[in-house]
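Number of protein chains: 2
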Amino acid sequence: MFESAELGHRIDKKTWKARLPALREALLEAQLDLLDKADTAVVVVIAGVEGAGKGETVNLFNEWMDPRHIVTEAFGPLTEEERQRPFMWRYWRALPPKGQVGILFGSWYSKPILSRVLDGCSAAELDLQVKRIRHFERMLARENVVLVKLWFHLSKSRQKKRLGKLAKNPDTAWRVSDNDWKLFKHFDEFAAVSEQVLRETSTGDAPWIVIDGSDHRYRSLTAGELLLGALQDRLARVTREASTAPAPLLDQPALDQRNVINQLDYSQSLPKKDYKVELARWQRELNLLSRDKRFRERNCVCVFEGNDAAGKGGTIRRITQALDARFYRVTPIAAPTEEERAQPYLWRFWRHLPRHGRFTLFDRSWYGRVLVERVEGLCSEHDWMRAYTEINEFEHQLVEHGTVLAKFWLAVTPEEQLKRFQAREETGYKRFKITEEDWRNRERWPDYEQAVCDMVDRTSTEYAPWTLVEANDKRHARIKVLRTLCETLENNL
Amino acid sequence: MFESAELGHRIDKKTWKARLPALREALLEAQLDLLDKADTAVVVVIAGVEGAGKGETVNLFNEWMDPRHIVTEAFGPLTEEERQRPFMWRYWRALPPKGQVGILFGSWYSKPILSRVLDGCSAAELDLQVKRIRHFERMLARENVVLVKLWFHLSKSRQKKRLGKLAKNPDTAWRVSDNDWKLFKHFDEFAAVSEQVLRETSTGDAPWIVIDGSDHRYRSLTAGELLLGALQDRLARVTREASTAPAPLLDQPALDQRNVINQLDYSQSLPKKDYKVELARWQRELNLLSRDKRFRERNCVCVFEGNDAAGKGGTIRRITQALDARFYRVTPIAAPTEEERAQPYLWRFWRHLPRHGRFTLFDRSWYGRVLVERVEGLCSEHDWMRAYTEINEFEHQLVEHGTVLAKFWLAVTPEEQLKRFQAREETGYKRFKITEEDWRNRERWPDYEQAVCDMVDRTSTEYAPWTLVEANDKRHARIKVLRTLCETLENNL
Numbered sequence: 005m006f007e008s009a010e011l012g013h014r015i016d017k018k019t020w021k022a023r024l025p026a027l028r029e030a031l032l033e034a035q036l037d038l039l040d041k042a043d044t045a046v047v048v049v050i051a052g053v054e055g056a057g058k059g060e061t062v063n064l065f066n067e068w069m070d071p072r073h074i075v076t077e078a079f080g081p082l083t084e085e086e087r088q089r090p091f092m093w094r095y096w097r098a099l100p101p102k103g104q105v106g107i108l109f110g111s112w113y114s115k116p117i118l119s120r121v122l123d124g125c126s127a128a129e130l131d132l133q134v135k136r137i138r139h140f141e142r143m144l145a146r147e148n149v150v151l152v153k154l155w156f157h158l159s160k161s162r163q164k165k166r167l168g169k170l171a172k173n174p175d176t177a178w179r180v181s182d183n184d185w186k187l188f189k190h191f192d193e194f195a196a197v198s199e200q201v202l203r204e205t206s207t208g209d210a211p212w213i214v215i216d217g218s219d220h221r222y223r224s225l226t227a228g229e230l231l232l233g234a235l236q237d238r239l240a241r242v243t244r245e246a247s248t249a250p251a252p253l254l255d256q257p258a259l260d261q262r263n264v265i266n267q268l269d270y271s272q273s274l275p276k277k278d279y280k281v282e283l284a285r286w287q288r289e290l291n292l293l294s295r296d297k298r299f300r301e302r303n304c305v306c307v308f309e310g311n312d313a314a315g316k317g318g319t320i321r322r323i324t325q326a327l328d329a330r331f332y333r334v335t336p337i338a339a340p341t342e343e344e345r346a347q348p349y350l351w352r353f354w355r356h357l358p359r360h361g362r363f364t365l366f367d368r369s370w371y372g373r374v375l376v377e378r379v380e381g382l383c384s385e386h387d388w389m390r391a392y393t394e395i396n397e398f399e400h401q402l403v404e405h406g407t408v409l410a411k412f413w414l415a416v417t418p419e420e421q422l423k424r425f426q427a428r429e430e431t432g433y434k435r436f437k438i439t440e441e442d443w444r445n446r447e448r449w450p451d452y453e454q455a456v457c458d459m460v461d462r463t464s465t466e467y468a469p470w471t472l473v474e475a476n477d478k479r480h481a482r483i484k485v486l487r488t489l490c491e492t493l494e495n496n497l
Numbered sequence: 005m006f007e008s009a010e011l012g013h014r015i016d017k018k019t020w021k022a023r024l025p026a027l028r029e030a031l032l033e034a035q036l037d038l039l040d041k042a043d044t045a046v047v048v049v050i051a052g053v054e055g056a057g058k059g060e061t062v063n064l065f066n067e068w069m070d071p072r073h074i075v076t077e078a079f080g081p082l083t084e085e086e087r088q089r090p091f092m093w094r095y096w097r098a099l100p101p102k103g104q105v106g107i108l109f110g111s112w113y114s115k116p117i118l119s120r121v122l123d124g125c126s127a128a129e130l131d132l133q134v135k136r137i138r139h140f141e142r143m144l145a146r147e148n149v150v151l152v153k154l155w156f157h158l159s160k161s162r163q164k165k166r167l168g169k170l171a172k173n174p175d176t177a178w179r180v181s182d183n184d185w186k187l188f189k190h191f192d193e194f195a196a197v198s199e200q201v202l203r204e205t206s207t208g209d210a211p212w213i214v215i216d217g218s219d220h221r222y223r224s225l226t227a228g229e230l231l232l233g234a235l236q237d238r239l240a241r242v243t244r245e246a247s248t249a250p251a252p253l254l255d256q257p258a259l260d261q262r263n264v265i266n267q268l269d270y271s272q273s274l275p276k277k278d279y280k281v282e283l284a285r286w287q288r289e290l291n292l293l294s295r296d297k298r299f300r301e302r303n304c305v306c307v308f309e310g311n312d313a314a315g316k317g318g319t320i321r322r323i324t325q326a327l328d329a330r331f332y333r334v335t336p337i338a339a340p341t342e343e344e345r346a347q348p349y350l351w352r353f354w355r356h357l358p359r360h361g362r363f364t365l366f367d368r369s370w371y372g373r374v375l376v377e378r379v380e381g382l383c384s385e386h387d388w389m390r391a392y393t394e395i396n397e398f399e400h401q402l403v404e405h406g407t408v409l410a411k412f413w414l415a416v417t418p419e420e421q422l423k424r425f426q427a428r429e430e431t432g433y434k435r436f437k438i439t440e441e442d443w444r445n446r447e448r449w450p451d452y453e454q455a456v457c458d459m460v461d462r463t464s465t466e467y468a469p470w471t472l473v474e475a476n477d478k479r480h481a482r483i484k485v486l487r488t489l490c491e492t493l494e495n496n497l
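Protein chains in written order, with our numbering: chain E, 5 to 497; chain V, 5 to 497.
For reference, chain E alone in the conformation it holds in the complex (with noise of 0.2 Å):
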């Protein structure tokens, strides 16, 4: 994989000066038109041996292109703050909106790479990472981001020799930490490892390019060029391609019409005298469970999803009054910024993932996408088909990490929607829950019941399996969702 970067390469001062100037040109205009369109982000990774000149090109390309529109991001070591998420949500905040250059230095690819060379992280771990990098890829190239993926390569011996000059020269030995030579003594691991991971990891999606460091004229103009090839070739796409993928089955109803939501027992209730008692011993329970000891290191969400009227509201509160003001948080989805809509759909929701010890309740969530979004036709078929899997690996990553997870979907049946739309009707303070939109959803229930049936079949797991709640009784509702978050916490602590 590394041959053709330890040749050696190099190119003359006079073919450097010839080509610059075409190159800076063009780079320009590229990045300008992309920021024009705006329907594109691009993300450099940068990678590879150290002293082989990342940071020079990530100077470069700052300098050729107009760094306005330019995010570049270098990771050191984990803050607290990430540190209390999930691994990957360091690299989600900081992909570049559309129409920007994201240049990452260090990237997803570091830690699992020194993890496997220095801290004796087992080859099933490497290929979860490794898999799990993939799944990331893909989803970005789905989102229309441009990947580009530089490694800058030096033979073991040109490294030392590189390190070496640095380091005695008074002027730039401060270039040379300790660490480099650490790293140094294990060259030949890391290229094994290295090695093993670029070769998993470049996809038609997202091929990695190697290139040869050892002399910067070289190095810079293959970078320079590679990166405008990229970014010409996405231009030159009138706009984003068609999904190529055969159109997915649509899931058709059984045929006898049975269904996990029309299969719910809707008469189930709970007298008021035995609410109340229910009520102040569920509350005081996930009150204890909240202030476990166990918890501190863990975090809690929950999603909220049901038909309109089914009592999210009134259920949510009932289960924040046992929770401490400072410690919870309640996030309506709604319609998307503009910064979040110049991400990929996941994003809104990676941003309010809770820190350590905290609760947060999504009130409507990720799962718009399979169900709003595929019924009213707010995005095409093909990106709520892989919605699905890409929520699954979402899920999996939050409860990977510790994070207790419970999903709820509050059922009503058409008739007591019915009852409660024209109730809210008649009071004049619930009148703005009902709106046009609430009467045009209930003329498609049955679009509405198949995208939840899916939406269970498909992402119901085993480590994230949803709760359906029957909610035509909301005294009922309320302490199934109470006793079942309860039990999950005990469960998952």
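Each hint should be verified, as a subset may be incorrect.
Any copy, or any two copies together, can satisfy a pair, since identical chains are not distinguished.
To be verified - Once the Cα atoms are required to be at most 25 Å apart in a straight line, the calculated DSS-like pairs of lysine-lysine come out as:
1) K172 <-> K277
2) K169 <-> K280
3) K276 <-> K478
4) K277 <-> K160
5) K277 <-> K169
No wet-lab data here; the hints were simulated from the structure.
Mind docking chain V on chain E? Use the hints.
Same frame as chain E, now just chain V:
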């Protein structure tokens, strides 16, 4: 101050039931009107005595209004991220965008009062905090934020009874913590300090309202109607009030036409050979300082302003070449995003403040308001006039927190600028750097010069002085900036 709130106000169930529906309906209507107008944010500060119904009121507000347009924030112990920023950082982050209601449970009032009672903070320190709060709230008022400050009070005997009653019932005992009893022991001191703080921060812009918390119906109805009144009052004003302040005196050029900009010695220059030596020397020095142990608990913010084509970008790159890419960030300031436009002016700069051990280099900055926005009439005279004070206050908080702050104005003569504009138009890859706007700005040279002189006069403070850099010779300018930055770091670590 608390006399009226110890009378034991009550209202009966019948009155409550009669008035509640109209209140809820009116609140909702006002909230949605506010959202439609989208030029005002509402901040509700909920403070007061434990057990006086603060949490219940937060819940009620969320129930009475549409919670999708409410942001509730409660403040616990400082996180690591927050500890590494000035005290007000967490509150800036919590401000609601225009159109939304922010409910702050605990606020910038908690710490000053607690510290004075429990941690022996001096009277002088408390005075400083109070002054800062007044500044902050005045800024909010001028930024069109409606501030409603509610203080929930209980007499000493009522608080004792309340805590005792909750603690006795096993279903509610968890609501009373050891800390509540600990704070209760200091009831009288809290009452005295709170009274002082409330008195000194009850301004025309943001008066305090003290509410008797002993009866839940009285308390809730009072709080709700006060909030409603504040919303309706704002909505009744057709648009943002024109400033009633007298038009500021326009700064006039000095009679002899001499000013800090035209008196610079633009003939200073540095030969290439000396430049190379000096560059290596100061970059090494800067690198050593950035890795100095003393810097680990500090950070550095650099501001770069200057004439168009004065060489800001090239100068910034000479600094970043000396720094580890993981520990600096260049933040170019362009037009604000949608999220930023929905917030007070300085919000977008607060969000970029670095953590400990980091550098943030602002390529243009918060000074835009008193430069381009002033000259081009992009904000009102009143807005840019108040910006001087707000900026000084902002920078004071930075420096007090331990930030090393360096501000550079890169100055070229009109003749030199013309040469550079022409050169840019001739070089393909530099052409993007020169736009119609640059030529237009150039025509207003005297206005910009006056704005720069005023800026220097009004914001070059002892704790954050401006460095004026003669930049006709790029080498001279770069070395002067590097040297000044190193010296500023050295003097302040």
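Inset, instruction - At 25 Å max between alpha carbons, let me know whether K277 reaches K169 within a copy, between copies, both or neither. - result: Answer is between: at 22 Å across copies they meet the 25 Å cutoff, but 82 Å inside does not.
Inset, instruction - Measure nothing new, just compare the shortest in-copy and cross-copy C-alpha distances for K276 and K478 to 25 Å and report within, between, both or neither. - result: within (10 Å within a copy, 80 Å between copies)
Legend entry - Alpha-carbon proximity between K169 and K280, which holds within one copy, between copies, both or neither at 25 Å: This pair counts as between: shortest inter-copy Cα distance 19 Å, intra-copy 77 Å.
Inset, instruction - Could you figure out if K172 and K277 sit no more than 25 Å apart (CA to CA) within one copy, between two copies, both or neither? - result: between (83 Å within a copy, 22 Å between copies)
Inset, instruction - Pop the pair K277 and K160 into one bin, within, between, both or neither, using alpha-carbon distances up to 25 Å. - result: Neither, since 77 Å and 35 Å both go past 25 Å.
Hint 4 from the earlier list is the only one contradicted by this structure; the remaining hints agree with it.
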